[in-house]
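Student: So the chains spell out like this:
There are 2 protein chains.
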Amino acid sequence: LDYQHVQVPFEITLWIMLASLAKIGFHLYNKLPSVVPESCLLIFVGLIMGGIIYGLNDKSPPVMDSDIFFLYLLPPIVLDAGYFMPSRPFFENIGTILLYAVVGTIWNVFGIGFSLYGICQVKAFRLQDVSLLHNLLFGSLIAAVDPVAVLAVFEEIHVNEKLHILVFGESLLNDAVTVVLYKLFRSFCEMPTIKSVDVFAGVGKFFVVGLGGVLVGLTFGMTAAFTTRFTKDIRVIEPLFVFLYSYLSYLTAEMFHLSGIVAIIACAMGMKRYVEANISLKSHTTVKYFMKMWSSVSDTLIFIFLGVSTIGENHEWNWPYICFTVIFCLVWRALGVLVLTFFVNRFHVNTITGKDQFIIAYGGLRGAICFSLVFLLPDFRRKKLFIAATTVVILFTVFVQGMTIRPLVDLLAVKRKRESAPTVGEQIHIRFLDHLLAGIEDISGHWGQYYWKDKLEYFNSKYLQKILLREYDQPKSSIVLLYEKLERKHAIELAEAGQLGHTPSHPSLLNSDRTVVTDKKLEDTLNLDVLENIQEILARNLYRIRRTGPAYNRHTLPGETEPGEHAKEILILRHRSL
Amino acid sequence: LDYQHVQVPFEITLWIMLASLAKIGFHLYNKLPSVVPESCLLIFVGLIMGGIIYGLNDKSPPVMDSDIFFLYLLPPIVLDAGYFMPSRPFFENIGTILLYAVVGTIWNVFGIGFSLYGICQVKAFRLQDVSLLHNLLFGSLIAAVDPVAVLAVFEEIHVNEKLHILVFGESLLNDAVTVVLYKLFRSFCEMPTIKSVDVFAGVGKFFVVGLGGVLVGLTFGMTAAFTTRFTKDIRVIEPLFVFLYSYLSYLTAEMFHLSGIVAIIACAMGMKRYVEANISLKSHTTVKYFMKMWSSVSDTLIFIFLGVSTIGENHEWNWPYICFTVIFCLVWRALGVLVLTFFVNRFHVNTITGKDQFIIAYGGLRGAICFSLVFLLPDFRRKKLFIAATTVVILFTVFVQGMTIRPLVDLLAVKRKRESAPTVGEQIHIRFLDHLLAGIEDISGHWGQYYWKDKLEYFNSKYLQKILLREYDQPKSSIVLLYEKLERKHAIELAEAGQLGHTPSHPSLLNSDRTVVTDKKLEDTLNLDVLENIQEILARNLYRIRRTGPAYNRHTLPGETEPGEHAKEILILRHRSL
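So the sequences go chain by chain: A and B. Last residue of the first sequence: number 578 in this note's numbering, and the count goes up by one each step with no gaps. Last residue of the second sequence: number 578 in this note's numbering, and the count goes up by one each step with no gaps.
It is possible that part of the hints are untrue.
Copies of the same chain are indistinguishable here, so a pair counts whether it falls within one copy or spans any two.
As the list claims (entries may be wrong) - Computed list of lysine-lysine pairs in BS3-like fashion (alpha-carbon distance at most 27 Å, straight line):
#1 Lys31 to Lys232
#2 Lys292 to Lys272
#3 Lys455 to Lys466
#4 Lys272 to Lys288
#5 Lys232 to Lys417
#6 Lys485 to Lys466
#7 Lys417 to Lys282
#8 Lys453 to Lys417
#9 Lys282 to Lys272
#10 Lys282 to Lys489
#11 Lys384 to Lys183
Derived from the structure by calculation, the hints contain no laboratory data.
Put together the whole structure using the sequences plus the hints.
Tutor: Spelled out as structure tokens, the structure:
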């Protein structure tokens, strides 16, 4: 037995296998996932596993490695999120999202930090040694809403598109703020004195981290699109480039201390439309499928690891501090949403309702990012307290908020996502209105979102498409593409229902000649079902030939009832397939 | 800049990117791959890269890590080979393949080992210190034909199926022999004295390693098939199980010192038919695509690494030894093939021709497996000589034999692979003959391959399918499945040609009403092509409604020419699509 040799890949494979089997297990019992979010179940599995490891070894199970989390588990989820991001609602609400992500996060960080510092002054709690800076550092890591946790819960409750994109967009874009504030406070903790220059440098860094991430992402995204122009003869490696370039954008951004999450989202959103046009249909299926698969496994692993890492002796249970952390997280987020939405609603016609505000505030789940950041803290006396507080906040938000948000959405009758895709008519209208509004904005001299969108579209069709698309000479409008897609889907459905070009089988042909096969041996293996299948196919085709035959003979007049019947059958088929 | 932090994933991603870009580069110039096999080009790229690294650092570039090769690069290629292995020719020729793989490899090992020992006795060459055991050890690693190299060359020359499976099957199954002999001689080298017990134990081990690999592989394969029964509600992780279980089978086999290659092939071949029936069509596309993609990248990386590792100062250039190694490799393989084929042909009606024998002998390419094994040798005085000889043999076989085999195949007019897939009629006949032969074998009491195949089929349909397939109550024969596949393909083609259920568009409707759109802005973006596309679609559908309309009205008699025209058009469409 040579376990050492294969240990690393063997254990990784086993972990992924465990995650996949856990996912299958939950879905076997259909009732469970409709009550409890999957994330809760997975954390629960992790807690049990951690308990077993703790019980067997009598020492704390290994905590989730922050490097593994940030380098291997997080990117697939963010890539998936960016690639399937609905770009229209995202850009329509980009102002609001940025306001929540930037101002909202800063508000939360300082709110939570200062109020916890206030709590530390109460002598009865014995927390006087926790300085303001440490509280702010803790605030910076606990304030950020987690995209993985938000996605896991919001994908299941199907709220309306705008509400979804507001919460989810915020959770993605606040990464830039979190990175800057976390690193700033951490470096302040290690400095002897803090000058005002450092504070201003921090504010400047903020733009560098965010915009730098966007720039890195777009650069890699455009390169990816350009590369897929040349893969015509070697379709099989096309999907690879989507993954390679987006991962490189993430790593490059992390290398330069920029926001990797922002970079990978910019990369995915930037390359999507060009890559989709360049690569083959099968490659695209593979890309989509594999992205979903990968992010799903990452997501599962993260929650299981979260559960495992919770068990053990890394915690200092100072309950006043922990409880106040949970309360402040809730209160400051609620206040922040209220205040920011007040300003947002003053400038928008399509306002955010009170119910929506409640769900935005309530949907501020914390997750594995906080957890990894708290373990990355430099060692100091109260680190274990911060770990305990973070763990409780995560478990509270994921379990309590995650499990109650669905009933609350039902109770408040929050507007849900529309089930059906927009019709072609609606799409034409939306497009027409876009052009109209762009024209109005142009005439009135107001540089609004439609104006910029129109300019970007122009730049895209004039320059970018020529460079990045393989077959630029035949551009197709999205409506034509949609129609083609629907037709293809329809064709496959028809073929699978066995109705492609065939009329229903004739019973007279179906039940004849079965006595031909008398050989015992043949009948055993080519059993009755198979024979019936073959005969059905033959019957259909024979029927077909019989039908189309006489019409081709110019000496035979077609029977009077036949054409009517034929057309009727086609119509029935059409009806059935629609 | 924080490079340390992201170094590992960043460098891996860059290597894969380099491999993919190299592949694209070769395919941009269509003439190059038709003359030189891709493997040669990739080794060449590796040589250049190695030269650059050597020139810049002034020290040998890093050699390919044997662990990385055996744990990460080899499994995807073998999995791909096993999954797409044509099982019919494989099992039809399993006896011949095993003879070549087992007896042939042993023949080569001892032939090369003993003759090289003879060369070492020549005083002028100054090789007297190389013992017989070391020569046999070297023989055991240099004798094995490499599946990666064989696949890379034989995939491009399209010889007939039997010839392909003989060479390729041998290269895969000889792994068990190589593992046993290599480990046996290596342990003998470290033992003070060798008892005859050890030699017999070695022979016994041989069956354990091979059959154990098959057993491990089949166990994991069946488990994989069983697992995919339960993935109906969570389609997105289905492809994962194919990869996870086959990788686990490889790692488990390696862990117990069994043949990992044999295990992964048994796993892939065992699970294929059940997994295919259980998982969705899109999952299956993803599995196939990703497998091809992965093996293609692994293959590329292996050849590039081979090139890089060749450069440097790891070599001892004793030319007599090296030249005789190349000669003996060629001679012993040719002799082995001749002798073994003589016996094979005595027992078979469908004999292996002289031309085929030549290609089998000539197609014995060596590759990365030898290379990794020679680096895994324990350090001793002449290791660098062995490394040099192995490098030269690999480069000779890949470059000289790999580049000349295509012209030779053309020159000898070796029977090629048939281009078209077998028709349904042929398939029915093949199946009928199988049953007939199984019956004849049963009656005559001869337990031949048809008898066993029939028994296996019976066992499969009686027990295995019930356990492993999700929808056992509706078993479909392969002919019905083929028909469904063809219909689906046909439907997609029809849809893509815009002919699904539509008759050709009416010119009268097509060119009307274009003047309605007068708005300059709209015309700019919704340009003429788009408008034409939309109008074409509308025209088709309108035409359709117009045609089927009157026939549905029972007060209107259908026009006399219309049904004939309709049927004719359908026939034309049918003709065009076939």
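Student: Does each hint hold? Answer for all of them.
Tutor: Hints and how they fare:
{"no.": "1", "hint": "Lys31 to Lys232", "in the structure": "between (46 Å within a copy, 15 Å between copies)"}
{"no.": "2", "hint": "Lys292 to Lys272", "in the structure": "both (15 Å within a copy, 23 Å between copies)"}
{"no.": "3", "hint": "Lys455 to Lys466", "in the structure": "within (16 Å within a copy, 61 Å between copies)"}
{"no.": "4", "hint": "Lys272 to Lys288", "in the structure": "both (11 Å within a copy, 23 Å between copies)"}
{"no.": "5", "hint": "Lys232 to Lys417", "in the structure": "between (38 Å within a copy, 25 Å between copies)"}
{"no.": "6", "hint": "Lys485 to Lys466", "in the structure": "within (24 Å within a copy, 37 Å between copies)"}
{"no.": "7", "hint": "Lys417 to Lys282", "in the structure": "between (29 Å within a copy, 26 Å between copies)"}
{"no.": "8", "hint": "Lys453 to Lys417", "in the structure": "within (25 Å within a copy, 55 Å between copies)"}
{"no.": "9", "hint": "Lys282 to Lys272", "in the structure": "both (15 Å within a copy, 20 Å between copies)"}
{"no.": "10", "hint": "Lys282 to Lys489", "in the structure": "both (14 Å within a copy, 13 Å between copies)"}
{"no.": "11", "hint": "Lys384 to Lys183", "in the structure": "within (19 Å within a copy, 51 Å between copies)"}
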